[in-house]
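A.B. asks: As they're listed, the protein sequences go chains V and U. My numbering applies: residue 153 is where the first sequence begins, and numbers increase by one. My numbering applies: residue 302 is where the second sequence begins, and numbers increase by one.
Source of the hints: derived by calculation from the structure; they are not laboratory data. The structure presented is a predicted model; accordingly, all values stated were derived computationally and were not measured. Accuracy of the hints is not assured; some may be wrong.
What the hints assert, rightly or not - Cut-off 27 angstroms, straight-line C-alpha distance, at most; resulting in silico cross-link-like pairs (BS3-like, lysine-lysine): (1) K305/U - K312/V; (2) K304/V - K411/U; (3) K393/U - K463/U; (4) K393/U - K312/V; (5) K508/U - K522/U; (6) K312/V - K508/U; (7) K173/V - K415/U; (8) K312/V - K475/U; (9) K450/U - K475/U; (10) K508/U - K173/V; (11) K400/U - K184/V; (12) K463/U - K184/V; (13) K450/U - K305/U; (14) K304/V - K393/U; (15) K184/V - K173/V; (16) K478/U - K439/U; (17) K475/U - K399/U; (18) K333/U - K307/U; (19) K411/U - K312/V; (20) K393/U - K307/U; (21) K415/U - K304/V; (22) K415/U - K312/V; (23) K333/U - K305/U; (24) K478/U - K184/V; (25) K522/U - K333/U.
Stated by the list, open to error - Some chain U residues judged to face chain V by a derived CB distance under 10 angstroms, without partners named: (26) C347; (27) N398; (28) D432; (29) L433; (30) G434; (31) L435; (32) C457; (33) L460; (34) E472; (35) P474; (36) K478; (37) G504; (38) Y590.
Note that the Cβ used here is the ideal one computed from N, Cα and C, for glycine as well.
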Amino acid sequence: MITVETYQTHVETSGIDKRFKYEISRFPGGEKLLDCFQCGTCTSDCPIARFSDTYRPRQIIRMAQLGLRERVLSSETIWLCASCFTCSDHCPRGVEVADVMRVLRNLTTQQGHIPRIFRELGSSILESGYAYRIPKRRIDRREALGLPLLPKCNPESLAKSLRNVRFRQFLSEKGR
Amino acid sequence: MAEKDKYLIFLGCLIPYRVAAYEISTRRILQKLDVELVEMPEFNCCGLPMDPVDHKMMLIMAARNLAVAEQQCSDILTLCSGCSGTLRKVNKAVKENKKLWRSINTNLNKAGLKVEGSIEVKHLVQVLIEDLGLERIKDSIVNPLTTLKVAEHSGCHILRPKESAGFDDPEDPKMLKSLIEITGAKCLDYMNESECCGAPSSGINDKIALQLTKDKLNHIKSVGAQALITICPFCHMMYDTNQGRIEKMFRENYGIPILHYPQLLGLAMGFSPVDLAFGDLRVDASNIYACTSELR
Ligand code: SF4
Ligand code: SF4
Chain V
153 MITVETYQTH VETSGIDKRF KYEISRFPGG EKLLDCFQCG TCTSDCPIAR FSDTYRPRQI
213 IRMAQLGLRE RVLSSETIWL CASCFTCSDH CPRGVEVADV MRVLRNLTTQ QGHIPRIFRE
273 LGSSILESGY AYRIPKRRID RREALGLPLL PKCNPESLAK SLRNVRFRQF LSEKGR
Chain U
302 MAEKDKYLIF LGCLIPYRVA AYEISTRRIL QKLDVELVEM PEFNCCGLPM DPVDHKMMLI
362 MAARNLAVAE QQCSDILTLC SGCSGTLRKV NKAVKENKKL WRSINTNLNK AGLKVEGSIE
422 VKHLVQVLIE DLGLERIKDS IVNPLTTLKV AEHSGCHILR PKESAGFDDP EDPKMLKSLI
482 EITGAKCLDY MNESECCGAP SSGINDKIAL QLTKDKLNHI KSVGAQALIT ICPFCHMMYD
542 TNQGRIEKMF RENYGIPILH YPQLLGLAMG FSPVDLAFGD LRVDASNIYA CTSELR
């Protein structure tokens with residue numbers, strides 16, 4: 153289970169990264185981070201928060217504003233967000249909350265922390281173009297049913313267009 | 302578009318992996334409606350699964366598909382709400398955000414591709430409503446399903462974020478409802494109707510994801526819906542494939558059949574359950590087509 157570290161009541165000032173909020177605001181979707189006035193609409197409308205003891209989008213937004221870089225980026229809870237965009241649609245300040253979660257995850261990934269599922273999906277995509285490895289019996293069944301052949305991926309071409317993508321480099325270095 | 306309606310069909314990854322019934326029934330109803338489907342000449346995942354780890358990777362993967370479609374001068378028809386939301390969002394960005402457009406093309410150029418923003422991406426539901434129109438669908442119905450009461454689940458990425466999804470009301474979705482009612486079936490309202498099915502969190506925390514699905518199934522059951530109608534393979538998997546697991550895990554009993562919308566429309570068009578791959582459904586749906594065949 154996920155730890156309740158987000159409920160810690162005091163913060164060490166030495167752990168504060170004042171530039172963190174600007175760093176986030178520079179990413180697409182992170183621009184409005186500073187506009188959050190902590191109304192709590194995002195948390196109260198979040199279906200994940202309803203069932204999780206630890207995931208609270210408002211709290212994560214606040215910690216990000218305060219510059220608690222390490223605590224936010226090492227928090228397992230940011231990976232729980234279902235990207236349902238309810239929060240983004242409901243926020244009265246126009247904060248793209250779901251996109252901020254994505255920015256935070258992307259930053260975490262750059263530090264090398266990647267939940268296994270994304271390595272699996274990523275390496276399948278680089279090999280076959282498809283996020284899942286489609287079993288042969290599925291391909292055979294398509295033929296038996298008279299469905300058209302599945303469209304093919306061109307993995308070399310895909311790799312070329314992804315040359316400057318950090319995650320792709322990451323997968324080929326440390327993957328599998 | 303002139304003469305016959307024609308689209309590139311974008312299957313995505315999950316449909317060929319394990320949700321063939323959605324594709325099979327879609328091809329049936331679109332053929333009946335005289336829509337021509339062309340296969341993507343080249344394909345890669347829409348990119349959505351990679352967005353949490355690398356936004357740029359998602360942008361490039363989505364744009365590659367748009368570039369391939371542009372070479373065919375053809376609009377894309379999607380079946381998955383996730384693919385739909387992603388391709389539509391990136392297509393919109395390519396058309397409206399010059400800087401992003403340029404940076405995407407710098408990457409596509411390395412593979413000899415480019416994207417211009419010259420096509421449209423539409424989900425099946427949009428094609429049915431906006432391009433074909435309800436009247437044309439109505440004319441194809443020979444077997445109205447007037448005894449059926451069902452509920453709908455549109456899925457997040459077709460509704461939200463409102464700004465880029467932009468064709469239905471996320472607080473009170475009406476598109477799928479109108480398509481259901483045209484088959485003669487009644488579509489019931491239920492609590493938290495436009496809420497998430499939980500699918501995106503299932504690879505991270507299964508229990509929480511399934512709790513979301515369970516919550517929705519409770520609401521659907523409490524209004525007495527005989528079936529739930531979906532338009533996304535991920536939502537379908539949560540409700541259908543996982544229904545037995547949810548029942549065991551939370552000691553519940555649902556037995557609610559989950560139909561892909563084209564299966565419902567297909568029944569009303571007079572197709573047989575076999576033609577529409579009803580056999581692929583995990584939760585038995587025989588009482589649905591039994592009560593429709595009485596009408597024949
Ligand atoms: S809804 Fe918006 S303003 Fe309110 S707490 Fe959440 S992010 Fe901040
Ligand atoms: S997008 Fe994430 S944070 Fe926002 S409401 Fe949905 S699950 Fe909660």
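A.B. asks: Now tell me if each hint is right for this structure.
C.D. replies: Each hint tested on the structure:
{"no.": "1", "hint": "K305/U - K312/V", "in the structure": "violated (36 angstroms)"}
{"no.": "2", "hint": "K304/V - K411/U", "in the structure": "holds (20 angstroms)"}
{"no.": "3", "hint": "K393/U - K463/U", "in the structure": "holds (13 angstroms)"}
{"no.": "4", "hint": "K393/U - K312/V", "in the structure": "holds (24 angstroms)"}
{"no.": "5", "hint": "K508/U - K522/U", "in the structure": "holds (20 angstroms)"}
{"no.": "6", "hint": "K312/V - K508/U", "in the structure": "violated (38 angstroms)"}
{"no.": "7", "hint": "K173/V - K415/U", "in the structure": "violated (34 angstroms)"}
{"no.": "8", "hint": "K312/V - K475/U", "in the structure": "violated (42 angstroms)"}
{"no.": "9", "hint": "K450/U - K475/U", "in the structure": "holds (16 angstroms)"}
{"no.": "10", "hint": "K508/U - K173/V", "in the structure": "violated (32 angstroms)"}
{"no.": "11", "hint": "K400/U - K184/V", "in the structure": "holds (19 angstroms)"}
{"no.": "12", "hint": "K463/U - K184/V", "in the structure": "holds (17 angstroms)"}
{"no.": "13", "hint": "K450/U - K305/U", "in the structure": "violated (34 angstroms)"}
{"no.": "14", "hint": "K304/V - K393/U", "in the structure": "holds (26 angstroms)"}
{"no.": "15", "hint": "K184/V - K173/V", "in the structure": "holds (10 angstroms)"}
{"no.": "16", "hint": "K478/U - K439/U", "in the structure": "holds (14 angstroms)"}
{"no.": "17", "hint": "K475/U - K399/U", "in the structure": "violated (33 angstroms)"}
{"no.": "18", "hint": "K333/U - K307/U", "in the structure": "holds (13 angstroms)"}
{"no.": "19", "hint": "K411/U - K312/V", "in the structure": "holds (6 angstroms)"}
{"no.": "20", "hint": "K393/U - K307/U", "in the structure": "holds (21 angstroms)"}
{"no.": "21", "hint": "K415/U - K304/V", "in the structure": "holds (19 angstroms)"}
{"no.": "22", "hint": "K415/U - K312/V", "in the structure": "holds (13 angstroms)"}
{"no.": "23", "hint": "K333/U - K305/U", "in the structure": "holds (13 angstroms)"}
{"no.": "24", "hint": "K478/U - K184/V", "in the structure": "violated (35 angstroms)"}
{"no.": "25", "hint": "K522/U - K333/U", "in the structure": "violated (33 angstroms)"}
{"no.": "26", "hint": "C347", "in the structure": "holds (9 angstroms)"}
{"no.": "27", "hint": "N398", "in the structure": "holds (9 angstroms)"}
{"no.": "28", "hint": "D432", "in the structure": "violated (22 angstroms)"}
{"no.": "29", "hint": "L433", "in the structure": "violated (21 angstroms)"}
{"no.": "30", "hint": "G434", "in the structure": "violated (27 angstroms)"}
{"no.": "31", "hint": "L435", "in the structure": "violated (27 angstroms)"}
{"no.": "32", "hint": "C457", "in the structure": "holds (4 angstroms)"}
{"no.": "33", "hint": "L460", "in the structure": "holds (8 angstroms)"}
{"no.": "34", "hint": "E472", "in the structure": "holds (8 angstroms)"}
{"no.": "35", "hint": "P474", "in the structure": "violated (13 angstroms)"}
{"no.": "36", "hint": "K478", "in the structure": "violated (19 angstroms)"}
{"no.": "37", "hint": "G504", "in the structure": "holds (4 angstroms)"}
{"no.": "38", "hint": "Y590", "in the structure": "violated (19 angstroms)"}
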